[in-house]
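Q: Sequence lines, in order, name chains A, B and C.
Here the first sequence is numbered in our numbering, starting from 1 and rising by one per residue.
Here the second sequence is numbered in our numbering, starting from 1 and rising by one per residue.
Here the third sequence is numbered in our numbering, starting from 1 and rising by one per residue.
Hints are not guaranteed to be accurate.
You can't tell identical chains apart in this list, so a pair holds if it fits in one copy or across any two.
[Unchecked claim] Distance condition first, Cα-Cα at most 30 Å in a straight line; then the derived DSSO-like pairs of lysine-lysine: (1) K49 <-> K131; (2) K60 <-> K131; (3) K51 <-> K128; (4) K35 <-> K128; (5) K35 <-> K49; (6) K128 <-> K49; (7) K49 <-> K60.
Hints listed in this document are in silico derivations from the structure and should not be mistaken for laboratory results.
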Amino acid sequence: MHVENVTLAKNCEVLDLGNSAFRTYLICNCLLVLKMLGLIALTVRHRMKHKVFISEEDTKMGVGGTVGSHPDVDRVRRAFANDLETIPAFMFVSLYYLFTSTPKWIVHLLYYLFVLARIGHSIVYAIKVVKQPARAVCFLISYFILIYLTLHTLFYAIFAKHGLK
Amino acid sequence: MHVENVTLAKNCEVLDLGNSAFRTYLICNCLLVLKMLGLIALTVRHRMKHKVFISEEDTKMGVGGTVGSHPDVDRVRRAFANDLETIPAFMFVSLYYLFTSTPKWIVHLLYYLFVLARIGHSIVYAIKVVKQPARAVCFLISYFILIYLTLHTLFYAIFAKHGLK
Amino acid sequence: MHVENVTLAKNCEVLDLGNSAFRTYLICNCLLVLKMLGLIALTVRHRMKHKVFISEEDTKMGVGGTVGSHPDVDRVRRAFANDLETIPAFMFVSLYYLFTSTPKWIVHLLYYLFVLARIGHSIVYAIKVVKQPARAVCFLISYFILIYLTLHTLFYAIFAKHGLK
Chain A
1 MHVENVTLAK NCEVLDLGNS AFRTYLICNC LLVLKMLGLI ALTVRHRMKH KVFISEEDTK
61 MGVGGTVGSH PDVDRVRRAF ANDLETIPAF MFVSLYYLFT STPKWIVHLL YYLFVLARIG
121 HSIVYAIKVV KQPARAVCFL ISYFILIYLT LHTLFYAIFA KHGLK
Chain B
1 MHVENVTLAK NCEVLDLGNS AFRTYLICNC LLVLKMLGLI ALTVRHRMKH KVFISEEDTK
61 MGVGGTVGSH PDVDRVRRAF ANDLETIPAF MFVSLYYLFT STPKWIVHLL YYLFVLARIG
121 HSIVYAIKVV KQPARAVCFL ISYFILIYLT LHTLFYAIFA KHGLK
Chain C
1 MHVENVTLAK NCEVLDLGNS AFRTYLICNC LLVLKMLGLI ALTVRHRMKH KVFISEEDTK
61 MGVGGTVGSH PDVDRVRRAF ANDLETIPAF MFVSLYYLFT STPKWIVHLL YYLFVLARIG
121 HSIVYAIKVV KQPARAVCFL ISYFILIYLT LHTLFYAIFA KHGLK
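All chains should be modelled from the sequences, with the hints used to inform the complete structure.
A: Listed below in structure tokens is the structure:
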């Protein structure tokens, strides 16, 4: 029975707030969600400012305006679309990666680096346009972290020796 | 060893069907997925009805039609796009929030309210257009629930005393 | 105390690499993420090849080109948009489904079938266009697997007898 307890402990420790890697996972992904919610708010602000709305009924709220878009709105939308391509994938894969027996400093390093790269991407894309390759560099950092985490988890799930049941 | 068992129990109880907060999580998010799958089916129905398709090869299936869109299709697509901005984020954050030691009635209240707000949003946007601010109210309810859950989880992960290992 | 341990074991076994259903979950979803990352790379390749970029600053990187799109780019974008509608939903629901007491061969069968359907969808949509209903069949297979998993989990969470706490 003692042996069984040890197995349980190992397994249950992954999704435990006492596990610093899990805390890093939670903190990083909450920051990413807040960043995305920030871009949504920024879109609304640009739509209000330029009085360009997405649907006909929005133009009848008393502030006037027309159905359409504006370069500022489009720019935030593109930044957000790029987020949607990479961030949900990261939120899943960074959860899976916790189950591979990886040293915790690698988790801390890669997850915070991903968050910084995505925040940088949003800033140079949607808030203060910086000339390329600023955005490309931010994107590629997040892209390659994502590929590494996914491949590592995939090979770990396929090839690692697990206590088969 | 007894103490260790209690710790394990606490941790493993979160993702347990015996935990009513986890059941609420599963029920709410399955409902949200079904709602999104419903909007996908509605898009296909509008495309078939108005014979406007997304790709060239779709016009050669025997029913005729052209590549293009229609206001009905666009409306459902916009409702769906708004879902994609908030629902996946909620599905993650509502999972994280289960790990914070929150009274279960708050989980039940906020999660079901979020589901109702999103169903309301889809109805007034894509099914029967209701004049604003109906859609804005639905959106803002879901938006602020999402912000609250994210901030609460973030601060909990950063500041709560955890059994550090 | 022995009884309590058995309950814990059952619960903790779901998210355990010793559980072949969880390994299938990880493998399938890592493959899906890699497929999506592949479509992103394909978009970049088409943009470079046809020198059509998404933002003004991209045209000033030295390779020239204009802001705009190209049928090849649009095609990959549409394939990717369809992925975004179904794959994140699957990644969640296939996780929830692990908590229902389902025979493992069903998990293996449905999850790998979903992956094959989505890979097929991407190939016939974005890489080598095959006439319909090839794409529709791939889409419908993934769509109905998703509906089945969601409904099963929903009813299981609502009606199954759980050790209530």
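Q: Look at each hint and say if it fits the structure.
A: Going down the list of hints, with the structure as the test:
In the homo-oligomer, the alpha carbons of K49 and K131 lie at most 30 Å apart both inside one protomer (25 Å) and across protomers (21 Å), since each shortest distance falls under that limit. Within a single copy, K60 and K131 get their C-alpha atoms only as close as 38 Å, which misses the 30 Å cut-off; across copies the closest is 8 Å, which meets it. For the homomeric pair K51 and K128, the shortest alpha-carbon distances inside one copy (21 Å) and between copies (24 Å) are both at most 30 Å. Proximity of K35 to K128 under the C-alpha cut-off of 30 Å is restricted to the intra-copy arrangement: shortest distance 15 Å within a copy versus 32 Å between copies.
When the C-alpha separation of K35 and K49 is checked against a cutoff of 30 Å, the pair qualifies only within one copy, where the shortest distance is 21 Å, while the shortest distance between copies is 32 Å. In this assembly of identical chains, the alpha carbons of K128 and K49 lie at most 30 Å apart whether taken from the same copy (17 Å) or from different copies (28 Å). Taking identical chains as interchangeable, the C-alpha atoms of K49 and K60 lie at most 30 Å apart whether they share a chain (16 Å) or sit on different chains (29 Å).
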